[in-house]
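Trainee: Chain B: place on chain A using the hints.
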Amino acid sequence: MTPTSQHTIGPFFPRTFFQPGDNDLTRLAADAAPSTRGEAILLRGRVLRAGGVPCVNAVLEAWQADASGHFRHPLDPGAAEADPDFCGWGRAWTDAEGGYEFRTLSPGGYGDRAPHINLHLMGAGLMRMLRTTVFFPGVGADPVLDLVPPERRSHLIARPEGAGLFRFDLLLRGDAADETPFFED
Amino acid sequence: MILYPPWPAGVEPAVPIVSYPNTWTHTPSLAPIRRPLTLTEATGPLDLSRKLPCGEPNLAMPHPGRMAQGQLIHVAGRVLDEDARPVAGAIVELWQANAAGRYFHPIDQRDAPLDPNFIGNGRVRTDADGAYGFFTIRPGAYPVPVEDVWWRPPHVHFGVIGPASLTRLVTQMYFPGDPLNAYDRILQSVPDPAARDRLLAEALPPDQVGSGWLGYRFDIVLRGRRATPPA
Numbered sequence: 001m002t003p004t005s006q007h008t009i010g011p012f013f014p015r016t017f018f019q020p021g022d023n024d025l026t027r028l029a030a031d032a033a034p035s036t037r038g039e040a041i042l043l044r045g046r047v048l049r050a051g052g053v054p055c056v057n058a059v060l061e062a063w064q065a066d067a068s069g070h071f072r073h074p075l076d077p078g079a080a081e082a083d084p085d086f087c088g089w090g091r092a093w094t095d096a097e098g099g100y101e102f103r104t105l106s107p108g109g110y111g112d113r114a115p116h117i118n119l120h121l122m123g124a125g126l127m128r129m130l131r132t133t134v135f136f137p138g139v140g141a142d143p144v145l146d147l148v149p150p151e152r153r154s155h156l157i158a159r160p161e162g163a164g165l166f167r168f169d170l171l172l173r174g175d176a177a178d179e180t181p182f183f184e185d
Numbered sequence: 186m187i188l189y190p191p192w193p194a195g196v197e198p199a200v201p202i203v204s205y206p207n208t209w210t211h212t213p214s215l216a217p218i219r220r221p222l223t224l225t226e227a228t229g230p231l232d233l234s235r236k237l238p239c240g241e242p243n244l245a246m247p248h249p250g251r252m253a254q255g256q257l258i259h260v261a262g263r264v265l266d267e268d269a270r271p272v273a274g275a276i277v278e279l280w281q282a283n284a285a286g287r288y289f290h291p292i293d294q295r296d297a298p299l300d301p302n303f304i305g306n307g308r309v310r311t312d313a314d315g316a317y318g319f320f321t322i323r324p325g326a327y328p329v330p331v332e333d334v335w336w337r338p339p340h341v342h343f344g345v346i347g348p349a350s351l352t353r354l355v356t357q358m359y360f361p362g363d364p365l366n367a368y369d370r371i372l373q374s375v376p377d378p379a380a381r382d383r384l385l386a387e388a389l390p391p392d393q394v395g396s397g398w399l400g401y402r403f404d405i406v407l408r409g410r411r412a413t414p415p416a
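Protein chains in written order, with this note's numbering: chain A, 1 to 185; chain B, 186 to 416.
Quick caveat, the hints were computed from the structure, so don't treat them as lab data.
All figures in this text were calculated on a predicted structure; none of them were measured in a lab.
Where a beta carbon is used, it is the ideal one built from N, C-alpha and C, also for glycine.
Be aware that one or more of the hints could be misleading.
Okay, the calculated beta carbon distance ranges per label pair [to be verified]:
{"#": "1", "chain 1": "A", "residue 1": "Pro11", "chain 2": "B", "residue 2": "Ala194", "range": "23 to 33 Å"}
{"#": "2", "chain 1": "A", "residue 1": "Gly140", "chain 2": "B", "residue 2": "Ala216", "range": "51 to 61 Å"}
{"#": "3", "chain 1": "A", "residue 1": "Ser154", "chain 2": "B", "residue 2": "Met186", "range": "30 to 40 Å"}
Looking at chain A on its own, in the form it has when it is part of the complex (with noise of 0.2 Å):
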């Protein structure tokens, strides 16, 4: 069978869709108990588009391992050791700044990959999905990072803004030097 074409989110997903901490990928729900094997640290940038206009009511949905850099899932031959209170998901939306943030824990990398966050984005007029991946400071090599040609890879690269606080900004369209890099899988 051939995949269902993909479409635009619109500018009206529904508000009432968010509840208070889907933006926080340490607990598994809002009244449970965040996990705190690993290092806090907040995830926050601003999605901007062609002028750098802020991009609005945008969704961002995150993914990511957790700090021993493992997945709660079948396919990771090590889920019996990952974080049963991590959740690793969140979804966050654009303010009239478009910003977004998401607490979570400071990811482990596996295998030959670095520590990293994958991010999809949606919004009005992206007809189809943004898909990027951030990464921290410090990295090194990376089998998806070092596909990026290097002068945009820094674009990649989470920003430290003090304790546990780290900024990634998007700019959806612009000078090709400042765009940042986006993935097809």
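Mentor: Same frame as chain A, now just chain B:
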């Protein structure tokens, strides 16, 4: 082992789209970089039941005895992979305009009535056969407020989460036979006519749907097939 072949030609929308300004300002100018499949893309959240609680599949009666305005419909189908295997436990999110073509959303300030009995969104989980279903109303059409105005035909937004991060899908369902479909810049951005046809729900014969609701079937196919084709 699950394989994720690239999207077949003509299935993905062609962008940017004339008279859809956001596609010109939001779409990256550089092509995406093809990346290899690693565990992060091949895995995904398998149990979001506490994070994204699933609710009542009847959007047309948010309060007992108080019905939404509009033509009552039942939209149901299955979530499948490219081998036609059911995807069980997937989260299906649906949102839509009311019968007057207005969304219950602070951004939609159009001069069309809100319906106090219709919020127009719901979330369910597929069963072991990959099946889902919603009771709702047929949404209205609405104009797109751009200089060269065009109209969105009645449509229902769908989002599916599961079973892998890579299979995350957002799409829209249309109603067969609606004259606005042929003019919809979003539907028509899908180049392959067969792919467009798969975005149209199938209207069920009236003798199959009883007296309460008109029935529509809409199957959703996610990416992914087995490395070894099924026998």
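Trainee: Tell me, which hint numbers fail for this structure?
Mentor: 2
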